[in-house]
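*Asks:* Chains as they are written, first to last, in the numbering used here: chain A, 1 to 385; chain B, 1001 to 1351; chain C, 2001 to 2316.
Bear in mind the hints are in silico, worked out from the structure with no lab data behind them. Yeah, the Cβ is synthetic: ideal placement off N, Cα and C, and Gly gets one too. Accuracy of the hints is not assured; some may be wrong.
[To be verified] One-sided and incomplete, this derived list gives chain C residues near chain B with beta-carbon spacing under 7 angstroms: (1) 2217; (2) 2221; (3) 2248.
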Amino acid sequence: MTLYEDNKELYDSIPAEKFKRVERDEAIHDAKFQTKPICFLKDVWLRFTKNKASVCAAIVILIIAVLAIFGPGMNRFKYDEQYPDRVNMPPKIPAIANLNLGIFDGGYVLKNRQYDSISDTTKYPNDCIINVTNPQVVNGVRMVDVEVDYYKYLGISDDECYWFGSDYLGRDIWTRLWRGARMSLIIAVVSVACNVVIGLLYGSIAGYYGGTVDMILMRITEILNAFPRIVIVTLFVMVAGTGMFSIIMALIIKDWVPTARMIRSQFYRFKGSEYVLAARTLGVRDMALIFRHILPNSMGPIITSSMIAVPTAIFAESFLAYIGLGLQAPETSIGVMLSQGQKVLLHYPTQVVFPAIVISLLMISFNLFGNGLRDAFDPTLRGAE
Amino acid sequence: MDKMNEPILEVKNLRVSFKTYNGKVQAVRGVDFHLNKGETLAIVGESGSGKSVTTKAILGILSKNAIIEEGEILYQGKDLTKFKEKDFYDIRGKEISLIFQDPLSALNPIMKIGKQITEALILKEKMSKQEAKKRALELMKTVGIPQPEVRFNQYPFQFSGGMRQRIVIAIALASNAKIMICDEPTTALDVTIQAKILDEIKEIKEKNDLSVIFITHDLGVVANMADRICVMYAGKIVEVGTSEEIFYSPAHPYTWALLSSMPDLETKDELFSIPGTPPNMIFPPKGDAFAERNQYALEVDFEQEPPFFKLSDTHYAATWLLHPNAPKVEMPDILKNRIARLRREEAESIG
Amino acid sequence: MVRYIINRLIALLITLFIIISIAFCVVRLMPGSVYEMGGDLSQTVIDALNAKYHFNEPIIKQYGYYLENIFFHWDWGNSAKIRPNVPVFEILRDRIPITLEINLISLFGAIPIGMVAGILAAIKKNTIVDHIISFMVVVFISIPSFIFATCLQYFFGFKTGSFPIIYDVSATGTARYASMVLPILALAFDPIARVARYLRAELAETMNSEFMLLAKTKGLTYAQSTVRHGLRNSMVPLANIIIPMFANVLGGSLVVETIFSIPGMGGLMVDSINSSDHMLTVAILVFYSLISLITILIVDLSYGIIDPRVRMGGKK
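This is chain A alone, in the form it adopts within the complex:
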């Protein structure tokens, strides 16, 4: 405790004229707010960019989206071009192959070859052999496993390389992968967008009118919700066919229900809130209330939940492909590629690897991105460190 007596000289040395009452010419005003006010969107942006994982996720999504748009046009192949003489080719990118990293070198292991024939250039064209392993003697003949650059082995020039290899019909996996990613993304984004719109309308009507209308509408969603998603989606695709449109429709049938419920509960939450009541007593009209007060408050949850719905839709699409209800050939999607690659997994694992990596990255990124958005939009976390 700083006492006056403890330091009397110091305090008494303050000039006497300082001890004058401050003349106040006007009433004391409320102090000015000194910290800078941060607008809602800026706050969201600040908090989102602080979350490194979400920012990375957003970048990954962007890269995949760009590749999905431009990827298929980046080499000479078309997604439905078949080369029956070049099936199941290993991936090769000449620039990377020259680095000798052991990847993208078009390497393929030919098992149990006669050791003596290795130097035979009619069988093994010039420097196509990468590695010779597993020497053994079978019936007195020396056998080895020969890893060859399959392109050189078949005499295909470097400009005709399949960057990610080819599938069982000799189609380019790079082109098909991005074509497939494009299809998967379109299916996911379109279905989610439709779900948001339907859910928004439906939920607003239920929340706005309340009463009997609300009860009937909510009963309908309850009934819809009782149907298992897998069954509904499967049945629908079985009837409507396996086109892109019918898959999108199948992902709409009941997936809008959560959005509708959320919007409705937002309406109920804000209907009773003081500030809406205040706006009402000031004579603000209903439509203005909905669009200026209630819906903006629901933006955060809507954006967040739709971000998280995208990977769910991508998953559903690949699931359908796996159970044989995917897009029809020659059209492709990530799911279709996965289920085709699965069949030859043990012999040509690269045919699964690329679509698996892309779908995993997409799912992880969308989830991380959604989580980041959720935290950024959460009003209870505003301003927190």
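Knowing the structure of chain A, use the given hints to seat chains B and C on it.
*Replies:* Chains B and C alone, transformed into the frame defined by chain A:
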């Protein structure tokens, strides 16, 4: 009287800040006070003045973004600010206990009341279940809960707000703590229950020989509870004195303002309200924090922080108005009249 | 409470009835007769089956007979392609146990692991442990179970040979379980992550509650207050997320079973759709619906049993 003046808890120059996005909020800026054995010390101030933060620092339950910048909290010769989480286990409940502001959320909703009271007894005091139950029933009776046997096996949602606060008090009493901190114990309750709970606390304090720190923003509540009162403003104590001194001869303009804004039965004019808003604690003002809102502000108030001026052995106030060079300023008329009236009434009631 | 349960049961039956109806109509809307040439059935058998199930009569009548067969004779029709002329119900009866076995093991195996991870993450919130667990949670939730299945099959089945590549139908005892390890693992990642994520969020919130502060001020140690108040309170809603997860696992199992050639419901559904064995498909879809309806029902009922607030409220 000797016993009364023996400090059981001393807080010295305590500074606590919170890290936030906008900067460091200096919630408590050098607080000194002591709690004598057996007394009730009230800490009064508006919300955000740092009173709850001070008590949370005493019990080591500050939130994670809080930093104790400097200062000491001395209890039984030990400095609690140096304590680790583990060291607090023997302090909390056993030595110092806390009653919360909001009894509605302070009880675990899915645990039976009885279990919540006996829990600490069984785990910390190693009582047997029967003993603990016996003690719990006694405690429930002490805090005025009818039919304790029935209530023992009920859940919090079956209790009213006042009943729940009684349970919280019972829990605070369970381990025979020597100091009880009441953090606005009646704010969340109905006015009708408030008085009852206050009486309860007062009675329990006498019976169990407790020392009490009573935190409130309501001077009316402390009037007949507290032995001494600390008035806090913007993270600092501005005036400290016995209950009598604060109510009958307040010296700090903020205390004047507080007292004038308190309604009583005789209030006929418009009630006084303190103009302006409390300062932003990220940028605490230079000089006296109250100067901006002070009708009696001196020039020096804006430049240098006032020291404490001693008015009596127990009464100190931090305002330049008490400096010999300061102009003579009388307290506002409303207050003067009120004090005179109170003195008269008291004289009458005694006479 | 009893009335509530009865109401819910009736609602369940009605929903099931609607699903059967929709499924039947869908199947009949598909081109071609249910039993037709091309499979392994002879023309005489086809005629006999078509006559037995009245597939030569108008669709309304067919529907009537179909319902009658189900409700009065427990006859779900005969398979056309997968196992020609074998009653559908018999096929299901053979297939259901293995699916349930794998799904239940992976679900119940996942719960303790997920709980430990979730508790660790909540207690060590914002430390490296939490960050690692939270990242793993996102990865596990994001990556579909069939990708895990593929990876496990390739690395632990094919490359290292630690476990059989596909399910061994003929094996018994340990060998059988060894061949079930990979599919169980593939299915377990998602529930592990979901339990962990849920418990982390719930526990972290509970830890911030006022009653945790009270528990602290009582003098309980960190461990005591965490276990007695934090964990206990977080567990209450846990049951409600675990039960619906069963439907989730079952969905993933559809594909994982095909990948590992497990003779369960999943593989059966894929096969029956691909070979247009319609009567079988309908029965399988009804089975999945039934499971999902039952889980929803159990969740609703369990709210009342676990939470004293609801339980006591119901009594009054």
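*Asks:* State for each hint whether it applies.
*Replies:* Here is what the structure says about each hint:
1. 2217: holds (4 angstroms)
2. 2221: holds (5 angstroms)
3. 2248: Not OK, violated: residue 2248 of chain C not within 7 angstroms of chain B, min 27 angstroms.
This entry does not satisfy hint 3, going by the numbered hints stated previously; all others are met.
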